[in-house]
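Chain residues, written in single-letter form:
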Amino acid sequence: MIPQTILETRGIGKTFGSVLALRDVSMGVAAGQVMCVLGDNGAGKSTLIKILSGVHRHDAGAYLVDGQEVSFGSPREALDRGIATVYQDLAMIPLMSVWRNFFLGSEPRKGPAFDVAKARRVAREELRAMGIDIRDVDQPVGTLSGGERQSVAIARAVHFGARVLILDEPTSALGVKQAGVVLRYIARARDRGLGVVFITHNPHHAYPVGDRFLLLNRGASMGEYGKDDITAQELTALMAGGAELEELAHELRRE
Amino acid sequence: MIPQTILETRGIGKTFGSVLALRDVSMGVAAGQVMCVLGDNGAGKSTLIKILSGVHRHDAGAYLVDGQEVSFGSPREALDRGIATVYQDLAMIPLMSVWRNFFLGSEPRKGPAFDVAKARRVAREELRAMGIDIRDVDQPVGTLSGGERQSVAIARAVHFGARVLILDEPTSALGVKQAGVVLRYIARARDRGLGVVFITHNPHHAYPVGDRFLLLNRGASMGEYGKDDITAQELTALMAGGAELEELAHELRRE
Amino acid sequence: GGQQSAAPPASSAAPQASGAGFSVITHGAPGDSFWDVVKNGAEAAGKQYGVKVTYQGDGDPAKQSQLIDQAVSEKVDGIVVSMANPDALKEAIGKAVAAKIPVVTINSGAESSKEFGAITHVGQSEDVAGRGAGEQLKAAGVTKLLCVIHEAGNVGLDQRCKGAEQTLGGTVERLQVDVSNLADVTSKVTAKLQSDQQVNGVLSLNPAIAIAARDAIKDAGSQAKLATFDLSADVVTAINDGEILFAVDQQQYLQGYLPITFLRLYNTNLNTVGGGLAVNTGPGFVTKDNAAQVAKLAEAGTR
Amino acid sequence: MTVPAQAAADERVAHVGLARRLLIRPELGAVVGLVAVFVFFAAQSPVFRSPDGIANWLDPAATLGIMAVAVALLMIGGEFDLSAGVLTGTSGLILVTLATRFGFNVWLAMLVGLVVALAIGFANGLVVTRTRLPSFIVTLGTFLMLQGINLGVTKAITGTVQVSGLRRADGFESANAIFAGTIEIGGTSFRVAILWWILVTAVATWVLMRSRAGNWIFAVGGNEHAARAVGVPAARTKIALFMTTAVAAWLVGSILALRYTSVQANIGIGQEFIYIIAAVIGGCLLTGGYGSAIGAAIGAVIFGMADKGIVFLGWDADWFKFFLGGMLLLATLANRLVRRYAEEVRH
Amino acid sequence: MTVPAQAAADERVAHVGLARRLLIRPELGAVVGLVAVFVFFAAQSPVFRSPDGIANWLDPAATLGIMAVAVALLMIGGEFDLSAGVLTGTSGLILVTLATRFGFNVWLAMLVGLVVALAIGFANGLVVTRTRLPSFIVTLGTFLMLQGINLGVTKAITGTVQVSGLRRADGFESANAIFAGTIEIGGTSFRVAILWWILVTAVATWVLMRSRAGNWIFAVGGNEHAARAVGVPAARTKIALFMTTAVAAWLVGSILALRYTSVQANIGIGQEFIYIIAAVIGGCLLTGGYGSAIGAAIGAVIFGMADKGIVFLGWDADWFKFFLGGMLLLATLANRLVRRYAEEVRH
Ligand SMILES: Nc1ncnc2c1ncn2[C@@H]1O[C@H](COP(=O)(O)OP(=O)(O)OP(=O)(O)O)[C@@H](O)[C@H]1O
Ligand SMILES: Nc1ncnc2c1ncn2[C@@H]1O[C@H](COP(=O)(O)OP(=O)(O)OP(=O)(O)O)[C@@H](O)[C@H]1O
Ligand SMILES: [Mg+2]
Ligand SMILES: [Mg+2]
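Residue numbers (the working numbering), protein chains in the order written: chain A, 1 to 255; chain B, 256 to 510; chain C, 511 to 813; chain D, 814 to 1160; chain E, 1161 to 1507.
These are calculated hints, taken from the structure and not from any lab test. Where hints are given, some of them may not hold.
Here are the computed lysine-lysine pairs in the DSSO-like style, where the Cα-Cα straight-line distance is at most 30 Å [as the list claims (entries may be wrong)]:
id, chain 1, residue 1, chain 2, residue 2
1, C, Lys605, C, Lys557
2, E, Lys1315, C, Lys648
3, C, Lys585, C, Lys610
4, B, Lys373, A, Lys177
5, C, Lys600, C, Lys654
6, B, Lys482, A, Lys177
7, E, Lys1315, C, Lys600
8, C, Lys624, E, Lys1315
9, C, Lys624, C, Lys573
10, C, Lys735, C, Lys624
11, C, Lys672, E, Lys1315
12, E, Lys1315, C, Lys654
13, C, Lys624, C, Lys585
14, B, Lys432, A, Lys227
15, C, Lys735, E, Lys1315
16, C, Lys573, E, Lys1315
17, C, Lys585, C, Lys573
To give an idea of the interface, some chain E residues facing chain C are shown, with a C-beta separation under 7 Å as derived from the structure [as the list claims (entries may be wrong)]:
id, residue
18, Val1207
19, Asp1212
20, Ile1317
21, Thr1318
22, Val1321
23, Gln1322
Idealized CB from N, CA, C, for every residue including glycine.
Make a model of the complete structure from these sequences and hints.
Shown next as structure tokens:
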């Protein structure tokens, strides 16, 4: 089976004023594949994701969707090509209720109107399926806990994810149980034939679901590995001293 | 050695409108001790932390500092009692530069003026010590990556931490290396005799540094354990199915 | 100097005109219907004599004096200025006089005109006009008058009301309205008439306000008599229909036209008019008797 | 570890009275201000509470209300329109000038006015979304320019600062009846503008609460970047809001022109802030993302009542603004205190 | 894996020209607008660029500038003050009334005015911080109330709407020389107000950039909750900003009263928006947290030049507002385009 590549970047780069955030990064994600992007803080992962999803425009290299070169002017254009994203920081409208946020930009209709009853019901169900039992879907998102907010964003992207699902540190604010649910979602999306781009700092989260691993450092690519090329140990080691954690446990005990 | 209790809550509770966020929680942290607060998303961890640091006022129970009942009207009052906090969401002023954010509220003086040169230097040094090499401390915080922003907040709290350090999911956005640095900081603070309240979802982060563990669920306390009462495995299990992760690894493989 | 052959020969003693023209600087807000007629008069005179006339107006005395300062630095041939607040303009006018620029004062400020060094004063102070209105209203049997002020704190409007108060003999109540919102004007005047049945006369200080007040009197079912300052085509029609008793007409066209004429004569022939006394332009009254004649003129913006 | 009947009753939800739950809504906070101001004046002035008196103060509240509702939508969407007040004048001037000087039928003249208003609204929106300049400064530019055009063109065409004589134009009667007529209710004649106002408020409320566009409006005002990131057409939404405000200005300008049959060149200047004030009294946030159409309509009534009520009480005109300021402050304060009691904390 | 000489040159920093780095500063963007407007008028009017002409348009720019700088600080701190304009009138009225009707020495009368202004600023700040109402609505209340007081008290004391005769009061000469005098430079007399303006701008810049208070101002405007969470005394900072604005209003009111020796009861109404406009032209964000004092001072000059330049060109007064609006729009647009070119993206 030769998986069909949906997204591809070739030597892509991005500069903010004098800041070189991303340099010469090439990657691709195919249908039914999970691409994990790993790297230190400030390595450029979110910048890459924002280019893929149309928030930023790249200023070097080429970005291809279905083999066709594109340059998205807005996230709407990316969404219309079936690319759904959970952002690390551009998440929610704090003053709006959970259900309004959930369906923002893709409101279900009933005649000319917004089908409010359906929106509430679906939002509640999708969140409960993630193990988040929201008291009241009318609660403004700004009053949710950090993890609850993140869950709303993920549930939304999963619900609307059409061909590619991009997740920027989706599990960072989540409890162990919720993180497990999200990993299962990723696996399920992959099995349904979606391409997934998954960013995380946690090698325990990345290795089980990932098919390919892109490593970024200081804005540049340090190589892309298939799952067969690399073991969990090697990956953890590559993530800048992941193995240290075990030593730490000893070091941190009271002397 | 009987450690001296600095902070203590007795049956504390908090309601937002109709939302019961916290009910009847008792805990304490002593000098030279790390208290880990664990729990699902929305369990009330951040609410507890905000009461401790003076952002919210509790509306039930008692809050004691040095054995004396208090009710802080503002974070300033808590700071003046030596309680420094890294919040999960009230972090930074996006339009202000890194060094201005770093020293906000505790500006170094030189005569009547803000000692700008010193502020820049210290901010840069403290961040580099955390493994974050900021290009330019004049960069607005809003343009930093998620992890870089978090690091600034932690570096600030550590730099100014006087008697108690409260950290709300400090490691969630951090890379493995940076997370290791933060854990070392926590251990170092503990060894210097500070009390630390540490919230995290990651049992691998919590167990090595924690002395006591408070478990919250749906706003209520599920008990407080000493390190000797509980093993790492038990703790992970208590954190709602942490052990599942191993099974997941198999489950998530392509069928 | 010496622009037109039709003009009297320029005397060698006459100040030299620089060609920068004349500057008219009033305390009227732009778009104010009274001052617009002054502007029309000044511009007509300018056209007549083939000289440049620029008009500026600002109700803030500080701004007005800055405009005078500007005219002085431009070295204009003459300045026409209205003095609602003589104290505030003293310094600026003094500078103009010191720079040998002839000044004619118009409208209010007759008392200070000579002292400040103006060559003459043309106009009609607002309180004299107000007194005239008060007399007429008294004759019409008005005992309690509502004076509608459409710009709070405006000196000219205040003087008109005060003048009316002096001659009416009865009580005068003031009402503040917002000129840029006529629905508000109608409603406020109605409110006043509904809540105080004693009021049997309304004096408006602006033609648009007059029309709004006319509707208000109808809405409130009141018998109050209505009079106004200044003209518009609608006001003339209403006078004809008997809805408005009279309009005070200061013939302010003259307050624009004459000063330009006088300055022109002064610059070319050193003539001064009035012999140290003010030249009066009013008050005249437009009533049912003469409304028909002025109707066309009001529509053309010269009355 | 989990409570069995979760859906039925969540142990994390405290019991809260109906009153408190209602008061949390932005519009219901404003109702408290409304009642307070009404009671204050009605208690002291019998005319104020008489049908005639009510018809009187409802009339300016209606035209203000139409604008306040449109401006509230725009403010919820995170923008201001300072040109809205002058645009009422522009629309009225176009109508009267075309009908009286160029022999247009009144309906046709209104149509032209509508097209011009829409074009101006579109231009405002386009400049704001394209240049990303604050709308405060862009529409301030439009405000000044329209002010100049209103005066300059009127002067150039008529030689005076006003155009009049609409009564004699073709189609005046029918247009006047629909936009500026009165309706008798129990012997008191109310202005039809009140009906227009109710209609505008109802439509705006439906759009805000029950349409996709409403969701987008809240979103672009609450956090434009986030909204754009999930695919909300932010620029289109904002342009539509500016055009809506322009249509409201055209409606109000036409109503007033048809009613007074003449328009002065300086009409509407300064009104733009009254619209914003009414919207804020009604609970709209200046920072965008929060508010309601009904609240703005109520804000207009509060302002209208305070504005007229002082006249009904016969207080000294010199002190008028003093009382007005005090009244507005107290009304918003009442609104605020009630909402604070109801919701406690909201960041 | 890390580059050895990190401090020396970071490979993640692209080379960017000096010009581009300078243009990113809020004040330097405004300079572009300034130059554009100056060149436009200077090219067409020799008087405009003559020393006399410059003294002319610098004079109103100076009083506007003093207010714009104070208002800019307040806006950076996230608040508005709509009462600032009327407060200049109140201060002037207090000064002239006390000196002419109650025989106060001019200096003493000014001191009383200062105390009253400080009290009003304090009250504004206190109400805003305590009630958490938007300052727009609170200071609108103050604005209306002061307007009523100005008129009511002046009428009650003098029977007219203006007080005059300050020239004859004790201490007038000395006060006038310091606040309203002129200084000769190369044969042209410039107003001392210009010096006051430079002083105010310098002090404000120092406070913003080099003091703890400046850090707090940016912080409370950028994100008040976050600022409070790290211990910034937000309420105190805001109250101090309102008081600063009040002091500036007092200074400007006194300068104008001493210069014109009389004050009208409606002075300053509507000016509050000009102050905000100048600050926004100078690069302040309406949403707070960003801006500069120098920018606001430059914004005042841009406004002053456009305002007076149109008169110098002798364009028809009817169209004045049209040109003014167009000019302001172009100046801010130039500023914006330059800054966009310089910084590309900023959320
Ligand atoms: N708008 C911007 N303007 C200037 N610099 C920016 C901007 N956005 C990002 N950067 C810089 O680009 C670099 C890469 O940022 P990015 O957010 O992509 O990192 P990241 O890999 O997602 O890090 P993290 O794991 O901490 O989220 C950072 O150093 C950041 O400071
Ligand atoms: N201001 C508020 N208004 C209403 N409800 C609130 C508010 N703040 C928090 N809550 C609710 O209280 C509950 C506890 O929130 P809290 O932020 O303390 O959770 P948490 O344990 O920190 O969760 P997480 O791990 O996801 O950060 C949540 O269900 C949240 O919806
Ligand atoms: Mg990131
Ligand atoms: Mg939390």
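To see whether the hints hold, each was checked on the structure:
At most 30 Å may separate the alpha-carbon atoms for a hinted pair to count; Lys605 (chain C) and Lys557 (chain C) meet this at roughly 28 Å. As the CA atoms of Lys1315 (chain E) and Lys648 (chain C) are separated by approximately 25 Å, the hinted pair is consistent with the 30 Å bound. Proposed proximity of Lys585 (chain C) and Lys610 (chain C) is supported: the alpha carbons are some 9 Å apart, at most 30 Å. Among the hinted pairs, Lys373 (chain B) with Lys177 (chain A) is inconsistent with the structure: their alpha-carbon atoms are about 45 Å apart, more than 30 Å.
Among the hinted pairs, Lys600 (chain C) with Lys654 (chain C) is inconsistent with the structure: their alpha-carbon atoms are about 38 Å apart, more than 30 Å. The straight-line distance between the Cα atoms of Lys482 (chain B) and Lys177 (chain A) is roughly 23 Å, inside the 30 Å bound, and the hint therefore holds. With a CA separation close to 23 Å, the supplied pair Lys1315 (chain E) and Lys600 (chain C) stays within the 30 Å bound. At most 30 Å may separate the alpha-carbon atoms for a hinted pair to count; Lys624 (chain C) and Lys1315 (chain E) meet this at roughly 28 Å.
Of the pairs offered as hints, the one joining Lys624 (chain C) and Lys573 (chain C) holds, with about 23 Å between alpha carbons and a cut-off of 30 Å not exceeded. With a C-alpha separation of about 39 Å, the suggested pair Lys735 (chain C) and Lys624 (chain C) falls outside the 30 Å cut-off, and the hint is violated. With a CA separation close to 12 Å, the supplied pair Lys672 (chain C) and Lys1315 (chain E) stays within the 30 Å bound. With a C-alpha separation of about 21 Å, the suggested pair Lys1315 (chain E) and Lys654 (chain C) falls inside the 30 Å cut-off, and the hint holds.
Among the hinted pairs, Lys624 (chain C) with Lys585 (chain C) is consistent with the structure: their alpha-carbon atoms are about 22 Å apart, no more than 30 Å. With a CA separation close to 22 Å, the supplied pair Lys432 (chain B) and Lys227 (chain A) stays within the 30 Å bound. Taken as a hint, the Lys735 (chain C) and Lys1315 (chain E) pair is honoured in the structure, with Cα atoms around 27 Å apart against an allowance of 30 Å. For the proposed pair Lys573 (chain C) and Lys1315 (chain E), the alpha carbon gap of about 23 Å is at most 30 Å, so the pair holds.
Between Lys585 (chain C) and Lys573 (chain C) the alpha-carbon distance is near 19 Å, which keeps this suggested pair within the 30 Å criterion. For Val1207 (chain E), the suggested interface contact is upheld, since its CB lies about 5 Å from the closest CB of chain C, less than 7 Å. The interface hint given for Asp1212 (chain E) is met, as the beta carbon of that residue sits about 4 Å from the closest beta carbon of chain C, less than 7 Å. Given hint, Ile1317 (chain E) at the interface with chain C, is violated; its Cβ is 14 Å from that chain's nearest Cβ, farther than 7 Å.
Given hint, Thr1318 (chain E) at the interface with chain C, is violated; its Cβ is 11 Å from that chain's nearest Cβ, farther than 7 Å. Contact between Val1321 (chain E) and chain C, as hinted, is supported at the beta carbon level, the nearest pair being about 5 Å apart and thus within 7 Å. Hint status for Gln1322 (chain E) relative to chain C: holds, with the closest Cβ pair at about 6 Å, below 7 Å.
When held up to the earlier numbered hints, the structure conflicts with 4, 5, 10, 20 and 21 and fits the remainder.
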